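S.K.: Chains A and B are the protein sequences, given in the same order. Each position in the first sequence, counted from 1, maps to that position plus 7 in the numbering used here. Each position in the second sequence, counted from 1, maps to that position plus 61 in the numbering used here.
Since the hints were made in silico from the structure, they are not lab data. Note that this is a predicted model, so its numbers are computed, not measured. C-beta: ideal position from N, C-alpha, C; glycine also. Hints may contain errors.
[Stated by the list, open to error] Chain A residues, not near chain B, derived (Cβ > 12 Å throughout):
1) K133
2) E179
3) L212
[What the hints assert, rightly or not] Derived DSS-like pairs (lysine-lysine); straight-line CA-CA distance at most 27 Å:
4) A/K180 <-> A/K192
5) B/K253 <-> B/K271
6) B/K257 <-> B/K243
7) A/K26 <-> B/K783
8) B/K467 <-> B/K512
9) B/K467 <-> A/K47
The lines below spell out each chain.
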Amino acid sequence: MSTADPTVFFVDDDSAVLKAISRLLRANGFNVITYDSPGKFLQLYSPTMHGCIVLDYAMPELNGLELQRALAAKGASLPIIFLSGRGDVPTSVQAIKGGAVDFLTKPVKQTDLIAAVRAAIEQDQKLCAARTEMIDIRTRIETLTPREYEVLQRVIAGRLNKQAAAELGIAEKTIKVHRARVMQKMRVQSLAELVHVAERAGVALEK
Amino acid sequence: MIALIATTAFAAPTTTPSDTQASPPSRRVLLLSSFGPQFAPYSVVSSEFRTELTRKLAAPIDFFDVSLETARFSDGEKDEPFINYLNALCSGTKIDLVMTLGGPAAHFAQRNRARLFPTTPILIGAVDERHLNSLTYTDRDVVVAVRHEPLRAVENILRVLPQTQNIAVVIGNSPLEQFWLKEVKQEFEPLKSRVKFFWLNELSFERIRKNLASLPPRSAIFYGVMQVDANGVLRQEDQVLADLYAVANAPIFGLHDYQLGRGIVGGPLMPIRELGRNSANVAARILAGEPPGNIKTPVRGPELLAYDWRELSRWQISENNLPPGSSILFRRPGFLQQHLWSILAATVLSIAASIAVILIRFNLRKRRQVEHALAESESRFRDMADSAPVPIWMSGPDKLCNFLNKAWFEFTGRSREQELGEGWANGIHPDDRDRRMSAYVDSFDRRREFKLEYRVLGAQGDYRWLIDCGQPRFASDGSFLGYIGSFVDITERKLAEEQFHQLVEAAPSAMIMVSPGGEIILVNAQTEVVFGYTRNELVGKSIEILVPEHLRSIHQQHRREYFKSPSPKTLGTDFDLFGRRKDGTPVPVEIGLNPVSTSQGTFVLASVSDISARRAAEVEARQHRNELAHLARVAMLGELSGSLAHELNQPLTAILSNAEAAQRFMEREPADLDEVRNILHDIVQDDNRAGEVIRRLRLLLKKGELQRNEIDVNETIREVLKLVNSDLLNHNVVVETDLQSGLPAIQADRVQVQQVLLNLIVNGCDAMAQTDLHSRRLLVRSAPANGDGIEISIADFGCGIPHDQVEMVFTPFFTTKAQGLGLGLSVCRTIVTAHGGKLWATNNHGAGASFHLTLPCETTESFT
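Okay, chain A solo, but in the shape it has when bound (with noise of 0.2 Å):
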């Protein structure tokens, strides 16, 4: 089992509760890693890691909430799961503000768990699918050049051909083989397909 997998990465200092919900994820199926401790999870964390954190929230050392900041820090964005004896509200609201996607009490129902780590482990999935796109995007991007770029930047922003000639200083005709050739470059077929890729890399539309 490799982390590319999606896995999920149980912390939890109780090695009762460690084992039990270990065996129990498994039994649904799930790859999982347990921690003993929050910081030997944060010392082996990799950003290649995919699934989810279920994270116990009283523990030694780091508490659930201080690794969610610090993993926040490190940039990771794999959805964390709090599990926590007592659910009162200022801890859980704390926690889904820093991010996390579910907040649960123990003891937890096997329904409760396995339904939250699996819409972690999808949201997990939903996020790499998009980060992968927009790389793509942003690899499409790069192989424009700067004036394509410019074109680009003015097509999107709805200008028609002669305005972006007039604001570029050049030929109506030449603005068109620069936008063909930022279509064939960007790999759309049409405008609309080409302002919605735009948009997702965050180019910025020309005022």
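Given chain A, work out where chain B should sit, using these hints.
M.R.: Here is chain B on its own, set in the frame of chain A:
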């Protein structure tokens, strides 16, 4: 073996009214003694008998004295020669009356009545009732019996000398004396636990003397009868007593009145002389023709209560110890006593020492003249009596007052004519008059001294309390002259007594005055309330009546010890002391003892407080303390509830997840039974863990009485740390422990000690709320305390305690927490103090504060 002395006595012709008629025929009386004629008490009886019978009877009397001397050696085996002898002696002589003296003679006469005196009346005299059981009587027999009470004699010893521990018993070794020895041993049986008896009957007389000369301290001598010693040597009793008295180093107590004045201390005594006279009366009636079968005489006992003043003084016996109604004879100065002077002196002496001094000087000066001028004594006495500062009275044989001195008239302000005869008695307080008069008449008829207290109207118009001491007076020929007495004004003393009584009466606790012998002299109303007895049921009883049965003998010992050197003392404050109510229930008490010196010796005034109410309040306070501790515990556990929920949640979580996992494994085809087996094992473990948490919680939440057990402090600390583990985590507090091994176990209530530790740990965590996350450390140490026990300290790295509040934190309702009740530390201190330990706070040199508590290995406060 046989002694016979026949004497003839004649009644004095001048004293009988029949002397003008022809002399009646002489009568013959045979006196049959058990021993020789010189053996007391028979000799005393027979001598009195003769004198009195001679005086009573108009006719001359022939006394035949016969002694059954075999009784010294054997009991009735050698009758025959004696019978023959008596028959020879009496043949041709008509004996009018036979009087036997003592048990053996009575038995002899009855055994051989048919052969010796078939028709002669027999007077069985000088015999103890105990010898009479086996006798058969005819209508010609009459008995004048006594009943000795040796037990009373010993009780008398213990009364007048309560310290007595040893009693040497002097009884001879003849068959008769052996009979008595057996009787006495049996009678003394109940006293064996109280005193040790030494039986001297198997010793020779010389050995007895040596023994009595070196008795241990606190010994007394019981002198029974000593006629034949263990070597068979005959002893005449007069000489025996004199010989013993000469060497004895302890007081001697006897049984018979004639011994008084010869060395015995006194007590209840058999009136032997009177017995002789009574027998003479009976004999006179028989000789006058009255059928002997009709004459019944009461059995006499030791009715005379008399003591020898010289012996009382010698052995330092307080007159106060003597039973009421005792007479004291031989008061000093003895050589003056035959004179009126001396009666005055002795009377006054006994009531007021200062006055006596004056009189004695006066007496001494006058003594020589008086001794050769008895005739003048009466008028001189009057002169002197008039000059005496105390009132003096005299009465004649008719009981009427015939003299009062000047001091009396000055006292009453009335005239001689008003007062003489019975007139003076009009001044007696009406409430006291009858009492005085009947007591006077009673003493007068018995010729006894008396001492009475009553009120008499004084010249100032107010009643004064007087002590009236009277003594019979006799002429030098022994004839009774009447009484003389004197008065002392004791009004001041009575007032003081009255005030004392009022004070005692008003006291809020039971006040009990006890004599050195342990007798209750006085009690107040509160005593009746506390113990449920009435006054009359207590006064005169032994103080042990108020002591629980099982402690009585110990109390008696303690009391005796205390009386040896009495000093003010409080009992019952440092241990539990109980009295006994009339209904037998115990009453918790505290006792204050105060010696009170009086003229009659040292008494002890005991102040007994019933502390049932205080005990109940203490129990209530303890219950309150326990309840408060419990409340504080519940409150604290409330604060810890999140943490405790976590402790329970962990195993529950594991159990649930394991169970659900197992279900999944069972659903597989084929079911993964190995995995399921592992899971079930884990579930059992998890469940045990949850159970353990609940057990610990339940112990802490348990309400109820303290239970003191041996506990291991380190183990207790570890348990508490487990309980608060998750709370510590929540607070990011790291606990470091430094628990010294090999500490002694302490006696304590585990739950309460845990409560204290929990409280201090939680406080420590709270104190570090503002501390940097990585500095939140709690140091828990255990070590031997300075001195005894162990010390636990809990140091935090928090904000510390402001210097002026280091002690204030222990006061109730003091709190620095927004939601604190402010009871935690105050309850903790109460708990530790109740365990006999201490709880205090200090600030650390660096940051934070430390709380220290000591617990002794053995605690003093009782938890019952």
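S.K.: Run every hint past the structure and note whether it holds.
M.R.: Here is how each hint holds up against the structure:
no., hint, in the structure
1, K133, "holds (27 Å)"
2, E179, "holds (66 Å)"
3, L212, "holds (47 Å)"
4, A/K180 <-> A/K192, "holds (19 Å)"
5, B/K253 <-> B/K271, "holds (24 Å)"
6, B/K257 <-> B/K243, "holds (17 Å)"
7, A/K26 <-> B/K783, "holds (21 Å)"
8, B/K467 <-> B/K512, "holds (21 Å)"
9, B/K467 <-> A/K47, "violated (124 Å)"
Going through the hint list in order, the structure does not satisfy hint 9, though it satisfies all others.
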